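*Asks:* My request is simple: use the sequences and hints to build the entire structure.
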Amino acid sequence: MLEIKGLKVKLEDEDKQILKGVDLTVEAGKVHAIMGPNGSGKSTLSYVLSGRDGYEVTEGAASLDGEDLLEMEPEERAAEGLFLAFQYPVEIPGVSNMTFLRTAVNAQRKARDEEELSAADFLKDIRAKAKTLKIDADMLKRPVNMGFSGGEKKRNEILQMAMLEPKMCILDETDSGLDVDAMKLVSEGVNALRSEGRGFLVITHYQRLLDHIKPDVVHIMADGRIVKTGGPELALEVEENGYADILAEVA
Amino acid sequence: MRLAQLKQEATAAQLEDVALPESGAWLSAAREDALSRVKAMGLPHARDEYWKYTRPDTLTSAEPVEAALFVNDEEPMFHEIDRLKIVFVDGVYDAEASDDFAGEGLTIERLADIGQADIHWAKDLYGTLEIKGQDPVERPLAALNTALATDGVAIHVTGQVSKPVSLIYKHESTTSDAILHHVIKLDAEAKLTVLENGPAAARFNKMIEVDVADKAEFHHIRSQGRDHERRAVTHTFARLGTESVFKSFTVTANGILTRNECVIELTGDDAVAHVAGACVGDGDFHHDDTVFVTHDAVNCESRQVFKKVLRNGATGVFQGKILVQPGAQKTDGYQISQSLLLDDDSQFLAKPELEIYADDVACSHGSTSGAIDEEGLFYLRARGVPKDIATDLMTLAFLAEAVDEIEDEALRTSILARLELWLERRRG
Chain L
1 MLEIKGLKVK
11 LEDEDKQILK
21 GVDLTVEAGK
31 VHAIMGPNGS
41 GKSTLSYVLS
51 GRDGYEVTEG
61 AASLDGEDLL
71 EMEPEERAAE
81 GLFLAFQYPV
91 EIPGVSNMTF
101 LRTAVNAQRK
111 ARDEEELSAA
121 DFLKDIRAKA
131 KTLKIDADML
141 KRPVNMGFSG
151 GEKKRNEILQ
161 MAMLEPKMCI
171 LDETDSGLDV
181 DAMKLVSEGV
191 NALRSEGRGF
201 LVITHYQRLL
211 DHIKPDVVHI
221 MADGRIVKTG
231 GPELALEVEE
241 NGYADILAEV
251 A
Chain B
1 MRLAQLKQEA
11 TAAQLEDVAL
21 PESGAWLSAA
31 REDALSRVKA
41 MGLPHARDEY
51 WKYTRPDTLT
61 SAEPVEAALF
71 VNDEEPMFHE
81 IDRLKIVFVD
91 GVYDAEASDD
101 FAGEGLTIER
111 LADIGQADIH
121 WAKDLYGTLE
131 IKGQDPVERP
141 LAALNTALAT
151 DGVAIHVTGQ
161 VSKPVSLIYK
171 HESTTSDAIL
181 HHVIKLDAEA
191 KLTVLENGPA
201 AARFNKMIEV
211 DVADKAEFHH
221 IRSQGRDHER
231 RAVTHTFARL
241 GTESVFKSFT
251 VTANGILTRN
261 ECVIELTGDD
271 AVAHVAGACV
281 GDGDFHHDDT
291 VFVTHDAVNC
301 ESRQVFKKVL
311 RNGATGVFQG
321 KILVQPGAQK
331 TDGYQISQSL
341 LLDDDSQFLA
351 KPELEIYADD
361 VACSHGSTSG
371 AIDEEGLFYL
381 RARGVPKDIA
391 TDLMTLAFLA
401 EAVDEIEDEA
411 LRTSILARLE
421 LWLERRRG
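Line order of the protein sequences matches chains L and B.
If you use full-length UniProt numbering, the first sequence closes out at 251, no skipped numbers anywhere.
If you use full-length UniProt numbering, the second sequence closes out at 428, no skipped numbers anywhere.
Just so you know, the hints here were simulated from the structure itself, not pulled from any lab data.
Quick caveat: nothing in here was measured; it's all calculated off a predicted structure.
Positions of the beta carbon are idealized from the N, C-alpha and C atoms, including for glycine.
Any given hint might turn out to be false.
As the list claims (entries may be wrong) - Restraint-style ranges between C-beta atoms, simulated for each label pair:
# : chain 1 : residue 1 : chain 2 : residue 2 : range
1 : B       : 366       : L       : 184       : 25 to 33 angstroms
2 : L       : 181       : B       : 425       : 43 to 51 angstroms
3 : L       : 184       : B       : 354       : 30 to 38 angstroms
4 : L       : 120       : B       : 313       : 16 to 24 angstroms
5 : B       : 355       : L       : 181       : 49 to 57 angstroms
*Replies:* Dropping the structure here:
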């Protein structure tokens, strides 16, 4: 589903190489996790895949179901089925959560030549999905992420994911800023979306998120490369011994 | 040659042969007085401090610059609102298109008719607030209006009015030069909403003088014409009594030149005055909001909220002043002007001023100018919203903060829906 080959990326404004050749394939129905120390390039990978400005791809390729992602605008990638749950969801004053989501859902449908969702159908859908994430009517009416707590922002990300029904979900440190209960709620939301046709790439520092969202494959990223790949046990190893041992081992 | 003398000589030459409109005794006297004041002041000049950001030459020239008509198939503004319609075509009252001047709680008369009366309430108002508003800053185009206005209405509100009075200005001639002057008097505890809309004329000089008595409430919602080439200078003068309320909102899209002056004096304690505006300028567009609020009583509140979205070289101007007179304690004055610049070619010029002569007041002002938030834009795009729609969503949200100043929900919704439609149409 998601295929990344030899991806090298530098910052646009300065001569700093961040990704130094990333190879990664996420199959449909699988959950892949990327772990790694600070500054290893995990978040950069998620931003480059979703099309954020400020990065320059110097080599390599990334595709979703065979479609070249790197040539597309961010909105085209989204319509193609790519979703990034932001580490720091952005506040947008004056645009209500509801308007935002309805505009997004219908823009994607339009881009895929599908019929737009009626106001009634949309409302029914969003109410049901919001309820399972404990998002109340007030949060839907408020401007996007404005005045939301850390936990509310992350739940809102998962609500967007549930409404947009993407093929490929990237979760960038979704556990950061969450307490135990919020992590459980968010994880349940993610798990409910796991399906045969959908791939997940979960970026995290810590094993604890992976207790809730069980990965099929775990990658360790360091200094702009994936240095080790294994099963769920790799995450446990990190938890116990830290990154130092693994990095020493592959060095 | 000194500027004052230069202006006086140029003005005298230009107005030498001007004929005042035929009117009755008291109105003629007011006109003559105004004309002599214009001659003494001289018409605005590019070197005047008050006209530093807006060139007055096309507003003061003997003949107006031609303005092409803007044809579109949109529903007329406020079409969904039940209202009493008074129509002017290129500044001339159109009886056929207007509703009867009958309504509960108010009387409406034409300027042309009341001038003939020996005694009329409007005598105490016509030109009176304008003269008061000439100090401390001269407004010659307002005095010119008092002298030369050819039409307008006098509205006297004695109680609760069942529906808004809607002044509709149609533009049908490419060379029209319209001057309208309305006077509105609200008795104690009376309440009125006035709607204004339309492009009016190739060049439009319009004034409203409104006297809001104790505990009366005046609401004003205006949508200025979308004809790209039209020019307008407008003045709103208001005097507020004790516990009275004045709220004015203006939306402006297009128009090569607009100067809106709003001059408010809070003369009674506990009065409230709000002035707000949202404008969308694209290309050859110059929009100037000039506001002067004088606090001359205790415990009054004033608020100025102006938002401008500018692109393709459009210019926005804001000159806003709060003057707190000695003794006007417990004044709560607020002023904010903000622009959203969608490209590097557009500009926003702001001159916020506070002048305070009382020691127990809370006054604040702010002015910002910025581009669209790139983080927010990326967030919306990452959810599949195309860049142009995302930009419009954020633009509308920015403008909505000014539109929210409108108290009436139906009118607020009407203006917002219109702004959304205009943005959508522009997007194509």
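*Asks:* Each hint should be assessed against the structure and marked as holding or not.
*Replies:* Against the structure, the hints:
A hinted range of 25 to 33 angstroms is violated for the C-beta pair residue 366 of chain B and residue 184 of chain L, which are about 43 angstroms apart. Between residue 181 of chain L and residue 425 of chain B the Cβ separation comes to about 48 angstroms, which falls inside the hinted range of 43 to 51 angstroms. Range check, residue 184 of chain L to residue 354 of chain B: about 53 angstroms between beta-carbon atoms, so the 30 to 38 angstroms window is missed. Roughly 43 angstroms separates the CB atoms of residue 120 of chain L and residue 313 of chain B, a value that falls outside the hinted 16 to 24 angstroms.
Look at residue 355 of chain B against residue 181 of chain L: about 55 angstroms separates their beta carbons, and that is inside 49 to 57 angstroms.
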